[in-house]
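Student: Here is what each chain is made of, one letter per residue.
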Amino acid sequence: MREPKLESLLPLPTAVFHILIALADRDRHGYSIMQDVATRTDGKVHLSAGTLYSSIRRMLEQGLIEELSDSPDPSSTDERRRYYRLTRFGRRAAAAEVDRLNAMLKQAHASGLVPGA
Amino acid sequence: MMRDLSVFRALLRCYPAAFRDEYGNQMFLMFAEQLGEARRTGGPLETASLWGRAVWDTLTIAPKEHWHVTFQDIRFALRSMAARPGFAAIAILSLALGIGANTAIFSLWNGLMRAPLPMVPHPEQLVMLTDPAESGMWHGNATGERPWVTYAEFEQLRDQTTSFSAVMATESTLDRWQIRYRGSDWEQLHGRLVSGAFFQLLGVDPIIGRLFTPEADHVDSPVAVISYGYWQRRFGGRTDALGQTFTLRNASLTIIGVTPPGFIGETAGQEPDVWVPLRMQPLAIPGEDRLHESPPEKAMWLHEFGRLKDGATAARAEAEANSILKAGLQQFYGGVPEAERRSDTLDQFLKIRPAGIGASETRGGFSTSITALMAAVGLLLLIACANLANLLLARGASRKAEMALRLSLGASRGRLIRQLVTESLVLAVVGGLTGMSIGWLIHRALVRMILQSDEQFRIHFSLDPMVLAFTLAVTLAAGLLFGLLPAWQATRTDAGSALKEQSRGGGSMGRMRWTRSLVSLQLALSLPLLVCAGLLARTMYNLQHAELGYPTDRLWLVSVDSQVAGYNSQRSGILFRDLFDRIQRIPGVRTATFSYNGVFTGSSSSDEIQVDGYTPKTDKDRSSRWDMVGPRFFSALGVPLRLGRDILESDDATAKKVCVINEAFARKFFAGRNPLGSPVTLLAETHSGIVKTSYEVVGVARDYRTNSLRDAVRPGFYFPMTQPGDSVKRATYLIRTTAVNNGVLTGVRQAFQAVDPALPILSASTMEQQIAPWTAPNRATAQVAVAFGCIALALAAIGLYGVLSYNIARRRGEIAIRIALGAQPGGVIGMILRETSLLVLGGLVVGGGLTYAAARWIASELFGVAPQDPVVLTLAAVLLVTVALGAVFVPAWRASRVAPMEALRQE
Numbered sequence: 003m004r005e006p007k008l009e010s011l012l013p014l015p016t017a018v019f020h021i022l023i024a025l026a027d028r029d030r031h032g033y034s035i036m037q038d039v040a041t042r043t044d045g046k047v048h049l050s051a052g053t054l055y056s057s058i059r060r061m062l063e064q065g066l067i068e069e070l071s072d073s074p075d076p077s078s079t080d081e082r083r084r085y086y087r088l089t090r091f092g093r094r095a096a097a098a099e100v101d102r103l104n105a106m107l108k109q110a111h112a113s114g115l116v117p118g119a
Numbered sequence: 004m005m006r007d008l009s010v011f012r013a014l015l016r017c018y019p020a021a022f023r024d025e026y027g028n029q030m031f032l033m034f035a036e037q038l039g040e041a042r043r044t045g046g047p048l049e050t051a052s053l054w055g056r057a058v059w060d061t062l063t064i065a066p067k068e069h070w071h072v073t074f075q076d077i078r079f080a081l082r083s084m085a086a087r088p089g090f091a092a093i094a095i096l097s098l099a100l101g102i103g104a105n106t107a108i109f110s111l112w113n114g115l116m117r118a119p120l121p122m123v124p125h126p127e128q129l130v131m132l133t134d135p136a137e138s139g140m141w142h143g144n145a146t147g148e149r150p151w152v153t154y155a156e157f158e159q160l161r162d163q164t165t166s167f168s169a170v171m172a173t174e175s176t177l178d179r180w181q182i183r184y185r186g187s188d189w190e191q192l193h194g195r196l197v198s199g200a201f202f203q204l205l206g207v208d209p210i211i212g213r214l215f216t217p218e219a220d221h222v223d224s225p226v227a228v229i230s231y232g233y234w235q236r237r238f239g240g241r242t243d244a245l246g247q248t249f250t251l252r253n254a255s256l257t258i259i260g261v262t263p264p265g266f267i268g269e270t271a272g273q274e275p276d277v278w279v280p281l282r283m284q285p286l287a288i289p290g291e292d293r294l295h296e297s298p299p300e301k302a303m304w305l306h307e308f309g310r311l312k313d314g315a316t317a318a319r320a321e322a323e324a325n326s327i328l329k330a331g332l333q334q335f336y337g338g339v340p341e342a343e344r345r346s347d348t349l350d351q352f353l354k355i356r357p358a359g360i361g362a363s364e365t366r367g368g369f370s371t372s373i374t375a376l377m378a379a380v381g382l383l384l385l386i387a388c389a390n391l392a393n394l395l396l397a398r399g400a401s402r403k404a405e406m407a408l409r410l411s412l413g414a415s416r417g418r419l420i421r422q423l424v425t426e427s428l429v430l431a432v433v434g435g436l437t438g439m440s441i442g443w444l445i446h447r448a449l450v451r452m453i454l455q456s457d458e459q460f461r462i463h464f465s466l467d468p469m470v471l472a473f474t475l476a477v478t479l480a481a482g483l484l485f486g487l488l489p490a491w492q493a494t495r496t497d498a499g500s501a502l503k504e505q506s507r508g509g510g511s512m513g514r515m516r517w518t519r520s521l522v523s524l525q526l527a528l529s530l531p532l533l534v535c536a537g538l539l540a541r542t543m544y545n546l547q548h549a550e551l552g553y554p555t556d557r558l559w560l561v562s563v564d565s566q567v568a569g570y571n572s573q574r575s576g577i578l579f580r581d582l583f584d585r586i587q588r589i590p591g592v593r594t595a596t597f598s599y600n601g602v603f604t605g606s607s608s609s610d611e612i613q614v615d616g617y618t619p620k621t622d623k624d625r626s627s628r629w630d631m632v633g634p635r636f637f638s639a640l641g642v643p644l645r646l647g648r649d650i651l652e653s654d655d656a657t658a659k660k661v662c663v664i665n666e667a668f669a670r671k672f673f674a675g676r677n678p679l680g681s682p683v684t685l686l687a688e689t690h691s692g693i694v695k696t697s698y699e700v701v702g703v704a705r706d707y708r709t710n711s712l713r714d715a716v717r718p719g720f721y722f723p724m725t726q727p728g729d730s731v732k733r734a735t736y737l738i739r740t741t742a743v744n745n746g747v748l749t750g751v752r753q754a755f756q757a758v759d760p761a762l763p764i765l766s767a768s769t770m771e772q773q774i775a776p777w778t779a780p781n782r783a784t785a786q787v788a789v790a791f792g793c794i795a796l797a798l799a800a801i802g803l804y805g806v807l808s809y810n811i812a813r814r815r816g817e818i819a820i821r822i823a824l825g826a827q828p829g830g831v832i833g834m835i836l837r838e839t840s841l842l843v844l845g846g847l848v849v850g851g852g853l854t855y856a857a858a859r860w861i862a863s864e865l866f867g868v869a870p871q872d873p874v875v876l877t878l879a880a881v882l883l884v885t886v887a888l889g890a891v892f893v894p895a896w897r898a899s900r901v902a903p904m905e906a907l908r909q910e
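So the protein lines, in turn, are chains A and B.
Just so we're on the same page, the numbering used here is the position in the first sequence counted from 1, plus 2.
Just so we're on the same page, the numbering used here is the position in the second sequence counted from 1, plus 3.
By construction, these hints were calculated from the structure, which means they are not laboratory data.
Treat each hint with caution, since some may be false.
Calculated pairs, DSS-like style, for lysine-lysine (alpha carbon to alpha carbon, straight line, at most 27 Å) [stated by the list, open to error]: (1) B:LYS312 to B:LYS329; (2) B:LYS659 to B:LYS671; (3) A:LYS108 to A:LYS7; (4) A:LYS46 to B:LYS67; (5) A:LYS7 to B:LYS67; (6) B:LYS732 to B:LYS695.
Restraint ranges, calculated between C-beta atoms of paired labels, are given here [as the list claims (entries may be wrong)]: (7) B:VAL893 to A:ARG59: 44 to 50 Å; (8) A:LYS7 to B:HIS69: 22 to 28 Å; (9) B:HIS69 to A:ASP101: 30 to 36 Å; (10) B:ARG908 to A:ARG59: 44 to 50 Å; (11) B:ALA92 to A:THR43: 51 to 57 Å; (12) A:ASP101 to B:TRP443: 51 to 57 Å; (13) A:THR16 to B:HIS69: 21 to 27 Å; (14) B:ALA13 to A:ASP101: 41 to 47 Å; (15) B:ALA92 to A:LYS7: 31 to 37 Å; (16) A:ARG93 to B:ALA480: 49 to 55 Å.
A few chain A positions that, by computed beta-carbon distances, are all more than 10 Å from chain B [as the list claims (entries may be wrong)]: (17) LYS7; (18) SER10; (19) THR16; (20) ARG28; (21) ASP29; (22) ASP38; (23) THR43; (24) ASP101; (25) ASN104.
The C-beta atom is built at its ideal place from N, Cα and C for all residues, glycine as well.
Make a model of the complete structure from these sequences and hints.
Tutor: Below, the structure written as structure tokens:
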């Protein structure tokens, strides 16, 4: 699939960014992504099934993630689960989003909107 | 838990099938785990929040996913259209023609029958008490429902009503006025006399200046309000138009205001240039007082409108208006001595009707034609849709392998149908948009054609919500209906056999049956359109060549209105005689004569008569048309006399009163007796009672046509204008020239100038121009029918060509084998033509039945040609067969050129 232009994807929707972060350290299935997001946000963000899979559908089309043909976890008992992995393009998109957020944070500090670090 | 999960499964059904197939199980698994965990750890609050999120997802995410799929399908459809531009162009053009023709006719129907009066607030409160379809004037007495009211009757309702918040009256005809600004030449405009409350009741405000008010019914107000269009045209929108004064007959009127753009007043399809208070009538239309009535005669000439008060019902208002009318009639006819006649005169009533769409004379006249045209364009749309269906079927067949492949890769049939239907919808929408522009063009052409018969007719192509909804509905119906069947067919397959079939090049019999039936249907639908077009075209020809009873070549008609220039009846007679003498002397004039009504001017006169020895069966049986004519009228016009002599110079005011009658008169009133020497008595009702004038019949003229091309010639009698039976105020000169365009008209203008420079020529035209309005509606209908017939034929030919080309391409292998086995090219062509003939024959048989019904339906529109005219029927059938065979000849010829080895190698 042809990758879209990186800039056209920014800013990333919150759910997409969360999914990218969840997939940063290892490949995961949907439920695991949801759990990881909930843990990292102290239960503040609960991705619902619809939001999660609608985002996954879009991220697959955009080439941010890819689906694995085999389960990466040989011990997994449930063959129905589908696993997703971050692509290089996905990693670049996440980095670009972080840069964008950092730049905004700096501006907020510089303008005195919030106390500087 | 199980029940919860089945509820969630039901929610999942709200997502598009493709998304559900891909992620449904994952979502289900995830939800089950979340639900289990919530029950274990969180309790009811956690569970409720989970459900809340699931429902919220269904409401927000599912529609987004649907849109995503549709968007993809649309993109795919556009790409596949671009990949096959020929297919797309034919499909879109077919639909655009069908939808365009329908939009045009529908918006014409909508504009005439339904559209509210422009710029009038709350049109639903507006009612009228007279007949919206009638315009004109009636002097005398009436019975039954009143088409118009008198000025006095309007005043009575205006002053006594409790049901209406306001009542107004307007002149029922739109007048053509000759006016003159100081220092300028005569100019012509359309004007209407209206009562003071006109603008207030219609709720309109001036764009500049002011409008006259109900006050104008009580005080002489020599003012005029002009329309926005006239203001722009005549004054270029300058504000100094206000205060300008013009002369209209005996009135000198000052422009006080301009109505806003779009405002046309109370009559649909007419756009007056100027409105003048009714109270100005004696000056604006001099020679008669229509504002006051004195027994025994009423002058009925006004339409009456009202706006209902809040809470007032139409029924109550009607009852009130009738009781006021009755009281007025009782007072008016109180002095009539005969009891029977008095009760007759009281049998009159007003009928209340909604007037939000305004009055319109045109509406009734065109409703039959428009209904017929709507039926015709409906057929056209069906043919266009059949084309679309056929094209989609053919294309579906060529994509069978693609569909089979996708099915075998796991796509659901529903998904494929959805995509195919989206493709046909996209075609339909593009076709609909193109159709809208074609509709605009067709509508403009139609209005121009109607204008030829009614020069005051104005109607705009407006995309009002109704027209838009109609186009949208037609477009969607066409896309859905005619996309579904081919989509169903294209996806009805089991993957293996379709893939095999594709490599073998065979065709599915079921689909072929469909396409062949559709082609036959197209031909069947085209036949009635062609036959009706042929019948209407012959009607038009017959009307244009109708026998009038006198030669029409090199005949000029020049009308003059002496009343405008301030002449009374007696002076008018002298004036017309003077003009006649001068016109006769103009070089290039072969013969000239004149009469009060002229021929085909739209004017006619009729009155009650008495003929000795004739007993009328009913009241209507005692009336006859009449005309006042100049010397040697019949010989100058070229109407042969059957008996006796023409009207002569010597038949002047001092001589014995004489008349010439036509054959219809002789047949009806003399029934075989010799009319020469018998008296004919004209009974004219005047203020001083009935005046009888007797004329001795001195001649019988052959029947000739003056008012209608179709109807039987009515009884008529003709007496010298020098022995008038009514007041003389206008005349039409009938001038036959020695050659075409020999400049006689310049001489006529000079003659007018010499007699009286202030005398305007009302109109000057050749006989062909004069008669055009009588043939124009038929010409318009015939032109439209012929155009639609051609479109139908073209669509059917395209359909046939497409299907046959496709069919033959599929049979290349079979044909190649035939040729390899020794079949000659001629034999192959013959075989294909034979097969096509069956389709055509089927179409002709079904079409024959439709044609019979359609031709009978339009029988009343025909003239001089029978609905089952064999020439037209044969011609239409031959044309259809020729075009059909022509359309298949190219593919057939191509098939006969198939090189067997090459074709078989491809197999």
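Student: Each hint should be assessed against the structure and marked as holding or not.
Tutor: Outcome of the hint check:
1. With a C-alpha separation of about 22 Å, the suggested pair LYS312 of chain B and LYS329 of chain B falls inside the 27 Å cut-off, and the hint holds.
2. Between LYS659 of chain B and LYS671 of chain B the alpha-carbon distance is near 25 Å, which keeps this suggested pair within the 27 Å criterion.
3. Distance hint between LYS108 of chain A and LYS7 of chain A is fulfilled; the C-alpha atoms sit about 25 Å from each other, no more than 27 Å.
4. Between LYS46 of chain A and LYS67 of chain B the CA atoms are separated by roughly 25 Å; this keeps the pair inside 27 Å, and the hint holds.
5. Using a Cα cut-off of 27 Å, the hinted pair LYS7 of chain A and LYS67 of chain B holds, with the two alpha carbons roughly 22 Å apart.
6. The hinted pair formed by LYS732 of chain B and LYS695 of chain B meets the criterion: a straight-line CA distance of about 21 Å does not exceed 27 Å.
7. At about 49 Å, the beta-carbon gap between VAL893 of chain B and ARG59 of chain A stays in the expected band of 44 to 50 Å.
8. Taking 22 to 28 Å as the suggested C-beta distance range, the pair LYS7 of chain A and HIS69 of chain B conforms, at roughly 26 Å.
9. For HIS69 of chain B paired with ASP101 of chain A, a C-beta distance near 35 Å keeps the hint of 30 to 36 Å intact.
10. At about 46 Å, the CB distance of ARG908 of chain B to ARG59 of chain A agrees with the hint of 44 to 50 Å.
11. Checked against the hint of 51 to 57 Å, the pair ALA92 of chain B and THR43 of chain A passes, with Cβ atoms roughly 56 Å apart.
12. Separated by about 54 Å at the C-beta atoms, ASP101 of chain A and TRP443 of chain B satisfy the suggested range of 51 to 57 Å.
13. Checked against the hint of 21 to 27 Å, the C-beta distance between THR16 of chain A and HIS69 of chain B comes to roughly 23 Å, which is consistent with it.
14. Checking the proposed 41 to 47 Å range against ALA13 of chain B and ASP101 of chain A shows it holds: the Cβ atoms sit about 44 Å from each other.
15. Distance hint check for ALA92 of chain B and LYS7 of chain A: the Cβ-Cβ separation is about 34 Å, which falls inside the suggested range of 31 to 37 Å.
16. Hint check: ARG93 of chain A to ALA480 of chain B, Cβ distance near 51 Å, so the stated range 49 to 55 Å holds.
17. For LYS7 of chain A, the requirement that its beta carbon stay farther than 10 Å from each beta carbon of chain B is met, with the minimum near 18 Å.
18. In this structure SER10 of chain A is separated from chain B by more than 10 Å, as the shortest Cβ-Cβ distance comes to about 16 Å.
19. Distance to chain B confirms THR16 of chain A as a non-interface residue, since its nearest Cβ pair spans about 14 Å, more than 10 Å.
20. No Cβ of chain B approaches the Cβ of ARG28 of chain A within 10 Å, the least distance being about 18 Å, so the stated non-interface status holds.
21. At roughly 15 Å from the closest C-beta of chain B, the C-beta of ASP29 of chain A stays outside 10 Å, upholding its exclusion from the interface.
22. The beta carbon of ASP38 of chain A is kept farther than 10 Å from every beta carbon of chain B, the shortest such distance being approximately 13 Å.
23. No Cβ of chain B approaches the Cβ of THR43 of chain A within 10 Å, the least distance being about 15 Å, so the stated non-interface status holds.
24. The Cβ of ASP101 of chain A lies farther than 10 Å from every Cβ of chain B, with a closest approach of about 28 Å, so its non-interface assignment holds.
25. Residue-level check passed: ASN104 of chain A sits 30 Å from the nearest beta carbon of chain B, beyond 10 Å.
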